[in-house]
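Residue numbers (my numbering), protein chains in the order written: chain A, 106 to 295; chain B, 424 to 525.
By construction, these hints were calculated from the structure, which means they are not laboratory data. This structure is a prediction, so every number in the text was calculated from the model and none was measured. Mixed in with the good hints, there may be bad ones.
Reference excerpt, derived from the structure (chain B facing chain A, CB under 8 Å, subset only) [to be verified]: (1) 427; (2) 434; (3) 436; (4) 447; (5) 449; (6) 453; (7) 458; (8) 462; (9) 510.
Taking CB as the label site, the calculated pair distances span [unchecked claim]: (10) A:206 <-> B:478: 18 to 28 Å; (11) B:516 <-> A:246: 48 to 58 Å; (12) B:521 <-> A:206: 34 to 44 Å; (13) B:448 <-> A:112: 33 to 43 Å; (14) B:516 <-> A:249: 23 to 33 Å; (15) B:478 <-> A:144: 22 to 32 Å; (16) A:141 <-> B:516: 20 to 30 Å; (17) B:500 <-> A:229: 44 to 54 Å; (18) A:206 <-> B:429: 18 to 28 Å.
Beta carbons: idealized from backbone N, C-alpha and C, even for Gly.
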Amino acid sequence: MPLIGALPQPITSAPLVFFVYLVLILLIGSALASVLLRNTLYGIGAFAASMVLVALLYLAIAPFLLVAVQLLVFTTVSAALLIGLLRATIGLTASSVGRLSPEWVIGAAVSAVMFALLAVVLGATAWPVRACCALPLSLGSTLINDYPVAFAVLALILGSASIGTGLLIAAPTLRSPRGGGSTTARGARR
Amino acid sequence: MSAGLNLLLVASAALFAVGVLGVVTRRSAVVMLLGTQFMFIAGALVFVAFARFGLGAARANAGATMALFIGAVSVAELAVGLAMAALIYREHRSFALDADRG
């Protein structure tokens with residue numbers, strides 16, 4: 106009996122191979138754009154696009170629950186955090202594009218398509234909770250039953266991160282020695 | 424023409440290199456955080472690729488589980504990092520990490 110069995114075969118279906126190559130090329134391109142663009146807002150947009158493309162790549166090679174979590178949790182949370190940072194610091198200026206203009210209609214259509222995609226993924230995902238009696242629980246049960254320690258450590262990390270983030274946001278800042286000052290300082294820290 | 428382990432490993436390496444490029448060449452804390460996110464994604468992609476095409480295929484769900492863990496940790500890192508970036512902006516009115524050098 107061989108020590109190492111036969112490895113799984115690579116994807117050879119032409120449409121799927123084309124899809125994987127296309128997604129990978131777009132992923133590298135959007136990652137480069139995210140890192141190299143000078144406009145922070147555009148960089149964040151390119152980063153969100155990269156996260157969506159990673160979810161699309163997982164669609165071809167990974168269980169569907171990973172696709173759903175990547176798309177619904179990681180992408181939306183990351184984008185929300187980054188947009189929240191911009192709102193709290195630089196500020197998001199109001200758009201000069203008037204409503205019902207072509208740009209507005211195209212943006213609304215793209216947003217509607219993305220929302221519909223999220224709704225479809227949300228509805229089609231077999232979440233690792235027994236909401237219904239016959240849901241397949243392969244990845245969810247692996248996550249919860251085979252890795253309980255890692256799951257607990259992850260919960261600890263996420264809890265610590267949320268507490269630390271709240272403390273950092275609420276902390277008073279030091280007065281800058283170069284005269285820059287802070288916007289929310291309530292006196293220098295002792 | 425096929426898509427297998429080699430392709431995904433090369434793509435993962437390229438993604439990691441893009442992340443390193445962002446961390447090394449840019450001064451903005453936000454862009455540096457995005458670079459670290461790409462490095463996390465590259466690591467998760469390697470786990471998923473080995474689980475799908477490599478020896479990990481015997482327990483395919485393990486790779487996806489690792490990707491879930493990596494994603495959650497990267498989001499936690501992003502949250503703390505963005506809070507620190509907000510503090511830097513409050514002090515220096517800029518996201519540049521070397522803003523206090525004048």
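Worksheet item: Which of the numbered hints are not met once you compare them with the structure shown?
Response: 3, 4, 8, 10, 14, 15, 17 and 18
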